[in-house]
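> Starting from the known structure of chain A, arrange chain B on it as the hints suggest.
First to last, the sequence lines map onto chains A and B. Using my numbering, you'd call the opening residue of the first sequence number 1 and step up by one each time. Using my numbering, you'd call the opening residue of the second sequence number 1 and step up by one each time.
Hints are computed from structural coordinates only; laboratory data are not their basis. It is possible that part of the hints are untrue.
[As the list claims (entries may be wrong)] Some chain A residues close to chain B (C-beta under 8 Å, calculated; not the full set):
| no. | residue |
| --- | --- |
| 1 | Leu41 |
| 2 | Val71 |
| 3 | Asn91 |
| 4 | Gly155 |
| 5 | Lys158 |
| 6 | Tyr230 |
Don't be surprised by glycine CBs; every beta carbon is placed ideally from N, CA and C.
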Amino acid sequence: MKLGDIEIQSRLFTGTGKFSSNQLMEEALLASGSELVTVALKRVDVQNENDGILRHLNHKQFNLLPNTSGVRNAKEAVFAAELAREALETNLVKLEIHPDPKYLMPDPIETLKATEELAKKGFIVLPYIHADPVLCKHLEDAGTAAVMPLGAPIGSNKGVRTRDFIEIIVDQSRVPIIVDAGLGAPSHAAEAMELGADAVLVNTAIAVAGDPVKMAIAFKQAVEAGRMAYEAKLGGIQNTAVASSPLTSFLAD
Amino acid sequence: MFKEEVNKIDWDSTKASIYNKTAQDVERALSKPKRDLEDFKALISPAAAPYLEQMAALSQKLTQERFGKTIQMYIPMYLSNECQNICTYCGFSLDVKIDRKTLTDEEILAEVKIIKSMGYDHILIVTGEANKTVGVDYFLNAIELIKPYFSHIAMEVQPLDQEDYEKLIAAGLNTVLVYQETYHKDDYKIHHPKGKKSNFDYRVDTHDRLGKAGIHKMGLGVLFGLEDWRTDTFYCAAHLDYLERTYWKTKYSISFPRLRPCAGGIELKSVMTDRELVQLICAYRIFNQEVELSMSTRESETFRNNIIKLGITSISADSKTDPGGYANPEVNLEQFEIDDKRSTETFIEVIKQQGYEPVFKDWDLSLQ
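The following block holds chain A by itself, in its conformation from the complex (with noise of 0.2 Å):
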């Protein structure tokens, strides 16, 4: 898939926090497979050279996504992610805009606005989102790469809750889908790429594994197992029932 200029392979986005360590950070995201993995801007000591975080990163297979966590609207997301671009020298950006800080819900009204402008500012938006697929399509004609539609809140592990809307969305999108948030285990991630996503997101699932090598592993392959099963086009599953004496035999032909 193309983001923008870039084009990935793996279809298994990660994020770095939550980690036990930095050192098992990166060990789990290179069994993942991963190529592209998010960095919170408030996280990282730009200006230290020897910064923990992207000490750890520094792979040639990954292409580093800023988020903009901690912003609280458009105007210090742009700002956040202009510095993001001159620190980390990368145009893509993943645009968060959470003014409540208790269930991290994102803005849809700021996120347009950022959106917008950062698009004509030459970055590569994902923009992180609830499942709405009014807003994707809003999204699209302001320039988007791709939505990051959210399959439940950030850190819940409760799986793709608002798969109903994400169904919409594969529907009609003409960009990439990537379901961020709130996948708690493979088959989770599995069933988002069933339904359609081009990828996703996952961070707090592998972070706070008991093995968070193992669950990345685990997460790889259900991603590529969803993906495939996906390209194959699954069944139409039968739920109606078939009377024993046909409702419509009395029809001549």
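Below, chain B alone, put in the same frame as chain A:
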């Protein structure tokens, strides 16, 4: 404003209701997907004591889900021990005969230099209450002075007016901690007989003023030892609940100061055991998965080593509680006695051994 809300909660009936909670109430609270304030009562009640291990496991799981296996590191920097208040339990109280000291710009920068060499990036500035010499202008100057060195600046000083908070936020202040000490009005009067702090209502409305000023994060707490900790804590949880609903763009944190011996110390009305403090920390986490829970160096090494895994999300280490204490450790002007005196380096190793990553930077000057 919370001063109206606090009057709706009757101390005696709340206390009775907490102490009347049963094992069944505790089990219901533990098995629900989301808990309310009634469940919180059950979790802090004596009936929950036998469920401590179960509470600890749940608290750990909920904390890891939200915060991961990380612990935020911070350090306090005391700028002044001048104080016009009398607080019966405090080493800075007006009537305590200690030398008074307020740091000059030079002295502040000397402290900053040492703190930076210890690796800290989130700082908490602390003072007593002396509005004439250590008022909003002093704070503005201090924030301007230290801003280039830290990603996150928190403040634990006297309550201020909304417009003062607005000025300080514009200058770079991220977080304000104000503890009510006790929500028991009569006891509050007894422990704060003199000074601006004796105004219960002004203090209890501080978080409202902070919310209106648009602060990013605010902290609450009760000083354990002044009153029945369970009842006092219930008020604090109700306060948190009210604030979260009212100021939904603000982050919250809870601290757990247990009174420790200090110059001019009082006899404590209620003593909270280690077991009870663990119960309380777990109860807060089970009640509210998102709130930050903070721990200082007041507690012992053993306690702090083990509490990392049970719900705490931010912790200080290697702290001095007297103005100028990092540059001049031999001078003794401290607010309270530190228990855990281990170095930052040693404590980082402890955190890592527990399977957690100490995080020094989790905010950025560019934010806010």
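> In ascending order, which of the hints set out earlier in this document are inconsistent with the structure?
3, 5 and 6
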